[in-house]
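Note that the sequence shown covers residues 693 to 867 in the numbering used here.
By construction, these hints were calculated from the structure, which means they are not laboratory data.
Even glycine gets a Cβ: it sits at the ideal position worked out from N, Cα and C.
The reader is advised that the hints may include incorrect statements.
For each label pair, taking beta carbons as the anchor points, the in silico distance ranges come out as [claimed, not checked]:
| id | residue 1 | residue 2 | range |
| --- | --- | --- | --- |
| 1 | Ser855 | Asp732 | 34 to 42 angstroms |
| 2 | Lys837 | Gly768 | 14 to 22 angstroms |
| 3 | Tyr735 | Gly768 | 20 to 28 angstroms |
| 4 | Ala710 | Lys837 | 15 to 23 angstroms |
| 5 | Ser859 | Pro733 | 38 to 46 angstroms |
| 6 | Glu860 | Leu752 | 21 to 29 angstroms |
| 7 | Lys837 | Leu749 | 20 to 28 angstroms |
| 8 | Lys837 | Leu752 | 13 to 21 angstroms |
| 9 | Asp750 | Ala809 | 28 to 36 angstroms |
| 10 | Asp844 | Gln798 | 16 to 24 angstroms |
| 11 | Gly768 | Glu828 | 16 to 24 angstroms |
| 12 | Ala829 | Leu749 | 21 to 29 angstroms |
| 13 | Ala769 | Ala710 | 20 to 28 angstroms |
| 14 | Gln797 | Val838 | 30 to 38 angstroms |
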Amino acid sequence: MRILITGASGSGTSTLGAALASSKGWSPVDADDYYWLPTDPPYQEARDHGARLQMILDELGRHETSVVSGSIMNWGAELEDSLALIVFLYVDAAIRVERLRVREQQKLGHADPEFLAWAADYDTGPTGGRSLAKHEAWLAARKCKVLRLEGDLTVERRVELVSDALSELPSSQRQ
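Please construct the entire structure, taking both the sequences and the accompanying hints into account.
Written as structure tokens, this is what we have:
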């Protein structure tokens, strides 16, 4: 079974993905680890589309159940249509940007103003990358169940809500 936790940068996808995987004994997979080439500083150069798709499919194929965190929009039907559940997180822009500012400060020693501006534009649609409108269109095209979690809920509450949604899936999708 494959579960995707997705949403805007700073909405808590990685945090929820790690917590859910840990609570269930499943494999956590972060899409950023496949999207970006390792660089110093990080997140500067995207990996080739075909290479990232093959790498993540290989990783997911090694596990019975995986929780993917991040955005996999337009990575390919083989991945996108293999999901049993998509969890879409939505949190106010002010909260997301503050989380990102703190995270970047802790990880890199500074927060890139261009990155924060890009992240702040998610709701209205930045020119490149993720946006709320692009996510909504992508979600509407998915065949699996989509669970929408809105607001700044605790990680524990989110894990509980996802667990409830998983228990409601037909047994054929929980395998």
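Right, here's what the structure says about each hint:
1. For the pair Ser855 and Asp732, the beta carbons lie near 38 angstroms from each other, so the given range of 34 to 42 angstroms is met.
2. Checked against the hint of 14 to 22 angstroms, the pair Lys837 and Gly768 passes, with Cβ atoms roughly 20 angstroms apart.
3. Distance hint check: the CB atoms of Tyr735 and Gly768 are about 22 angstroms apart, consistent with the given range 20 to 28 angstroms.
4. A hinted range of 15 to 23 angstroms for the beta carbons of Ala710 and Lys837 is consistent with their spacing of about 22 angstroms.
5. Hint check: Ser859 to Pro733, Cβ distance near 42 angstroms, so the stated range 38 to 46 angstroms holds.
6. Hint check: Glu860 to Leu752, Cβ distance near 23 angstroms, so the stated range 21 to 29 angstroms holds.
7. For Lys837 paired with Leu749, a C-beta distance near 22 angstroms keeps the hint of 20 to 28 angstroms intact.
8. With their beta carbons about 19 angstroms apart, Lys837 and Leu752 fall inside the hinted range of 13 to 21 angstroms.
9. Separated by about 35 angstroms at the C-beta atoms, Asp750 and Ala809 satisfy the suggested range of 28 to 36 angstroms.
10. Our hint of 16 to 24 angstroms for Asp844 and Gln798 holds, since their Cβ atoms are close to 19 angstroms apart.
11. Remark: the range hint 16 to 24 angstroms for Gly768 to Glu828 is upheld by a beta-carbon distance near 20 angstroms.
12. As the Cβ distance of Ala829 to Leu749 is approximately 23 angstroms, the hint placing it in 21 to 29 angstroms holds.
13. Judged by the Cβ atoms, the range 20 to 28 angstroms given for Ala769 and Ala710 holds: they are separated by roughly 27 angstroms.
14. For the hinted restraint 30 to 38 angstroms between Gln797 and Val838, the CB-CB distance of approximately 33 angstroms keeps it satisfied.
In this structure, none of the earlier numbered hints is contradicted; all agree with it.
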